[in-house]
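**Q** Residue strings, one per chain:
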Amino acid sequence: MNQISATFIKSLKDNFRNKSALFWVIAWPVIWLILAVFVFLRQVPPEYAALAKGQSTISMITFSIMVCGMTSLPALISEDRQRGLFQKLKTMPIQPWKDAAGKILSVLTFGLASAALIIIVGLLLGGRFNITLLGLLKSIGFLLLGTLASAGVGLVVGSLIKNVQGAIMTGVGISVITSAISGIFFPYSMLPAALQKFSKFWPMSSANSIIIKYLIGNIDYNPLTALNLSLTIVISLLFFTVGVVLYTVYCWRSE
Amino acid sequence: MQAIEVRNLTKIYDKITVLDNVDLFINEGEFYCLMGPNGSGKTTLSSIIASIRKPTSGEVKIFGKKPEQSKKLVGYIPQENFSDPNLTGLENMYYFARMLGYSNKDTKEIAQELLKKVGLLDDQNKRVSKFSGGMRKKLELATILFPHIKIFILDEPTTGLDPAARRNFFGLIDELKDKSTTVLLISHIGSDAELASKVGFMEAGKIIAEGSPDELKNGSGLKNVINIEVSVKNEKVKNILNRFNEGEQLLETDEGYKIYADETSEVIPEIVRTVESNGYKVLQIGSAIPSLEDVFFKLTGKKVRETTEKIKGAKN
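Residue numbers (the numbering used here), protein chains in the order written: chain A, 291 to 545; chain B, 7 to 322.
The reader is advised that the hints may include incorrect statements.
Derived Cβ-Cβ restraints for the label pairs, each shown as a range [to be verified]:
#1 Glu-337(A) x Ser-109(B): 33 to 43 Å
#2 Gly-456(A) x Lys-111(B): 37 to 47 Å
#3 Ala-210(B) x Val-524(A): 47 to 57 Å
#4 Thr-62(B) x Gly-456(A): 28 to 38 Å
#5 Arg-543(A) x Val-278(B): 55 to 65 Å
#6 Gly-35(B) x Val-524(A): 51 to 61 Å
#7 Ala-317(A) x Ala-210(B): 27 to 37 Å
Partial list, computed: chain A residues near chain B (C-beta under 10 Å) [as the list claims (entries may be wrong)]:
#8 Ala-296
#9 Asp-304
#10 Lys-452
#11 Val-454
#12 Asp-510
It should be emphasised that the hints constitute simulated quantities derived from the structure, not laboratory data.
Predicted, not measured: the structure shown is a model, and the values here were computed from it.
Cβ coordinates follow ideal geometry from the N, Cα and C atoms, glycine included.
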């Protein structure tokens, strides 16, 4: 536990002291949420406005969790590698999975802190949710699954891209582009048919739709089919497993 | 007891033999310096001992066990600064203490104790990004001073530090290391190697000579070195100075040249006369005891540091 908590605390402090991470994980989703409410949702009829704001709030939470895993995690990894920390850690009696677990938990905590702030902003802007206890619990489960999938992508990016700025920009690029084309920034119904298919395969978008279905009720398609749920779970776990394997191989293996 | 045993160690990267059947034995409590130019294999050797890399063949033992089984006994400082600049000195020490298995309760006490040892207690709450290069190295030194660590492996730990900060760093190691602590220092700087009780010269993946600094110097046959700074550095000056270089190669340094001579009292005035009669000005000249870098040059004909350059074919 010592090694997990040591890495967790170090990584969490690194995240909260990294201006780039603070911008992409916290400021950007909040700005986008405000824009959504005051620009894009102005035409929504008043009876649907509160739920539409709630839906945007959920999407920004998903985006925040996604950018956290895909950007903050690679930043942590590439910074540690660039300054030779892995060289040092390899000489110490440390189990690599504990280092990975500490980093992933820190990213999860950072993302959840951001999610809490986004919920507050969403509620202040008039967002509303149709919450049931079971729906909330299932939503938390799928949010964690989305975190694992994002962390998996982040581990892959951090393991393969050695330059810190390169790793951050790749993570930001994947998060922003996939969000834009898979129904996180814009409604599913506005996407072309090919991207609608993509949004069902891309686990973060799929998890987002599932959470919206649980907490808002109305969404353009039914994401709660057995196939969709299974795909989301399997692909998320696959991303995560690939990420952990690559991280262990590229960052921890003795040459 | 032998702290480090290396037998028949070979490392091949992409068909290039970086370490060629190396044997190395370091006794407990010994301060051993592995000295050689870049690419000689010294970092590869130390990283195999520190279990960062794996050998192609051969065997390494740390107190009789495989390196992977002895990690708790080894404290390693790489060339790069590995401390986290976003954290304070104390937070960095907390991290390493917890990673080494110290409980939450003991961490603060040991972290502060070690920071005190390296003189950073007053700066414990300052972010490392605000530390000077010397302070950062001291912090990183503190990470290997945990009481259970018995072997220090220091891979060019003073890279980037000025000479004063370097001496300070090694002064600290000398003060802080326990008598039973074994030190393996990797360096290409002769003055760093002087601190060691034993020095191994490494060249092209092999240890080519080994002994105490005095043994190596006495065995080299070098008596004196004349350091000379002339108003210009060019081929003509080299040719003039070559006449005084007794059977050795002339070495070009950042400031001027080095001449190896047996007797300096008579040669120095003669050098000054000859140089000045050719229209050049001698800015500075003096004799010195040969350094380990000079001994390495004498043995291999190669410079240890890139900052000094051998003049090819200077003496026929």
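**Q** Hint by hint, note whether the structure agrees.
**A** Structure-based check of each hint:
1. Glu-337(A) x Ser-109(B): 33 to 43 Å: Given about 58 Å between the Cβ atoms, the range is violated.
2. Gly-456(A) x Lys-111(B): 37 to 47 Å: 41 Å Cβ-Cβ, so the 37 to 47 Å window holds.
3. Ala-210(B) x Val-524(A): 47 to 57 Å: holds (53 Å)
4. Thr-62(B) x Gly-456(A): 28 to 38 Å: This hint holds: roughly 32 Å between Cβ atoms.
5. Arg-543(A) x Val-278(B): 55 to 65 Å: Because 60 Å falls inside the window, the suggested range holds.
6. Gly-35(B) x Val-524(A): 51 to 61 Å: holds (57 Å)
7. Ala-317(A) x Ala-210(B): 27 to 37 Å: Taking Cβ atoms as reference, Ala-317(A) and Ala-210(B) lie about 55 Å apart, which means the hint is violated.
8. Ala-296: Constraint on Ala-296(A) satisfied, holds at 3 Å.
9. Asp-304: holds (5 Å)
10. Lys-452: Result: violated, 13 Å to nearest chain B Cβ.
11. Val-454: With a minimum Cβ separation of about 12 Å from chain B (threshold 10 Å), the hint on Val-454(A) is violated.
12. Asp-510: At 43 Å from the nearest chain B Cβ, Asp-510(A) fails the 10 Å test, so the hint is violated.
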